[in-house]
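> Next come the chains, spelled out residue by residue.
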Amino acid sequence: MNGKELLEAMSFIDEELLAEAEAPRRRIAWRSWGTLAACLCIIVLGTISFRLLSGSPTEGLADQAVPEAALAAGAMQDSITASQEHAEEEPQEAGTPELADEAGAEVLPATQVRIIEVTEDGLIALILTEARDLQGLTVTLIPEEGMDISGVEAGKEYTVWATASEEDGILRIWDIQPADQED
Amino acid sequence: MEDSAIIKLYWDRDETAIRETENAYGERLRGLSRHILDSREDARECVNDTYLKTWETIPPQKPNFFYSFLSKICRYISFGRLDWNNAAKRRADLVSLTEELERCIPDRRVQDQVEAKELGRIISAFLATLPRDSRLIFLRRYWHLDTTEEIAKNYGFSVSKVKTQLHRTRAKLYTYLEQEGIRL
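Which chain is which? The protein sequence lines are H and Z, in order.
Numbering follows our numbering, in which position 130 of the first sequence is assigned residue number 228; successive positions increment by one, without gaps.
Numbering follows our numbering, in which position 126 of the second sequence is assigned residue number 1367; successive positions increment by one, without gaps.
There could be a bad hint or two in this list.
Pairs of lysine-lysine, BS3-like flavour, derived with a Cα cap of 30 angstroms [what the hints assert, rightly or not]:
(1) K1249(Z) with K1303(Z)
(2) K102(H) with K1358(Z)
(3) K1303(Z) with K1358(Z)
(4) K102(H) with K1294(Z)
(5) K102(H) with K1249(Z)
(6) K1249(Z) with K1294(Z)
(7) K1249(Z) with K1358(Z)
(8) K1330(Z) with K254(H)
Pair by pair, the computed Cβ-Cβ distance ranges are [said to hold, decoys possible]:
(9) G144(H) with Y1415(Z): 52 to 58 angstroms
(10) G249(H) with N1327(Z): 49 to 55 angstroms
(11) K1303(Z) with I141(H): 20 to 26 angstroms
Worth flagging that the hints you see were computed from the coordinates, not collected in a lab.
As the structure is a computational prediction, the values presented were derived from the model and not from experiment.
For every residue, glycine included, the Cβ atom is placed at its ideal position computed from N, Cα and C.
Please take these sequences and the hints and turn them into a complete structure.
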């Protein structure tokens, strides 16, 4: 079998899976920091405008409104700047294997480990599989941001997918599954 | 016309089924085929062959996902028509896709005897284990042959995230095929 045959064999994938992928759609960009910041500013400015237009006593309020608007504008600018920085950081945070390889981080194949200890920062594990001369080594597994390792238990074996860190003895994991999990 | 009504036409052996299928999905199917063959004329012929095959297959089949059913046939026919020798010269994108998938094959000698349908079943089982985003990105890339930029745009991801997800899914597929190979 070669890559061409694998590509062609994908024609036999379950129709239900294909149906899910047939209508590509945009994700709702609520997670965009810039969008959230803009919404907050609209709410703040809208509140200020409402107070100004409502006819309630405005003595001193106009003076207050200007600093509030300035604060909102400043907050908006800060948020936009933050979102720009976040956007600039994101390609590096995503750590694409292509970029990671260029930076020297190595993407490892599935690796069997036994967890020795669960710490606040990650997992201490013994490498069981023969890969990249790591077998028999005790390493620290640092989970990727947002990854849930709450179910991981010391003494049990797992399969991890990881990227080698620049620091010796540390692997950055992006997935972990019990080693005895059946398909 | 609803898919169920079109399928009923096939079951009733009413030839307007073909016209209704063309009305509903002709353009999408030709787009899919063109993506593979890069030729309007060839794509048109493949889609016509798709309709013929569909007529021969329904009944007894009664697909639950009609467009998926059609597009599977169309894709299979299109790849069957593809001249890989010429594709290597003119379709760098296809060659790149095959090279990417090549890295998912753990041991060619073990996998040589796997039929395409069985391999499709194995890949389906593998895809079902993935998180939804990873599965969709993988399918858009290797089934629909979308570029990473197209996938990023359609799903609102960064190109970087798409590439990362694909790389990780290929790594998992390698492990999955390796395990399947041991059991074969």
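> Against each hint, give a clear statement of whether it holds in the structure.
So, going through the hints one by one against the coordinates:
{"no.": "1", "hint": "K1249(Z) with K1303(Z)", "in the structure": "holds (9 angstroms)"}
{"no.": "2", "hint": "K102(H) with K1358(Z)", "in the structure": "holds (14 angstroms)"}
{"no.": "3", "hint": "K1303(Z) with K1358(Z)", "in the structure": "holds (19 angstroms)"}
{"no.": "4", "hint": "K102(H) with K1294(Z)", "in the structure": "holds (23 angstroms)"}
{"no.": "5", "hint": "K102(H) with K1249(Z)", "in the structure": "violated (36 angstroms)"}
{"no.": "6", "hint": "K1249(Z) with K1294(Z)", "in the structure": "holds (16 angstroms)"}
{"no.": "7", "hint": "K1249(Z) with K1358(Z)", "in the structure": "holds (27 angstroms)"}
{"no.": "8", "hint": "K1330(Z) with K254(H)", "in the structure": "violated (51 angstroms)"}
{"no.": "9", "hint": "G144(H) with Y1415(Z): 52 to 58 angstroms", "in the structure": "holds (53 angstroms)"}
{"no.": "10", "hint": "G249(H) with N1327(Z): 49 to 55 angstroms", "in the structure": "holds (51 angstroms)"}
{"no.": "11", "hint": "K1303(Z) with I141(H): 20 to 26 angstroms", "in the structure": "violated (52 angstroms)"}
The structure fails to meet hints 5, 8, 11 from the earlier list, while all remaining hints are met.
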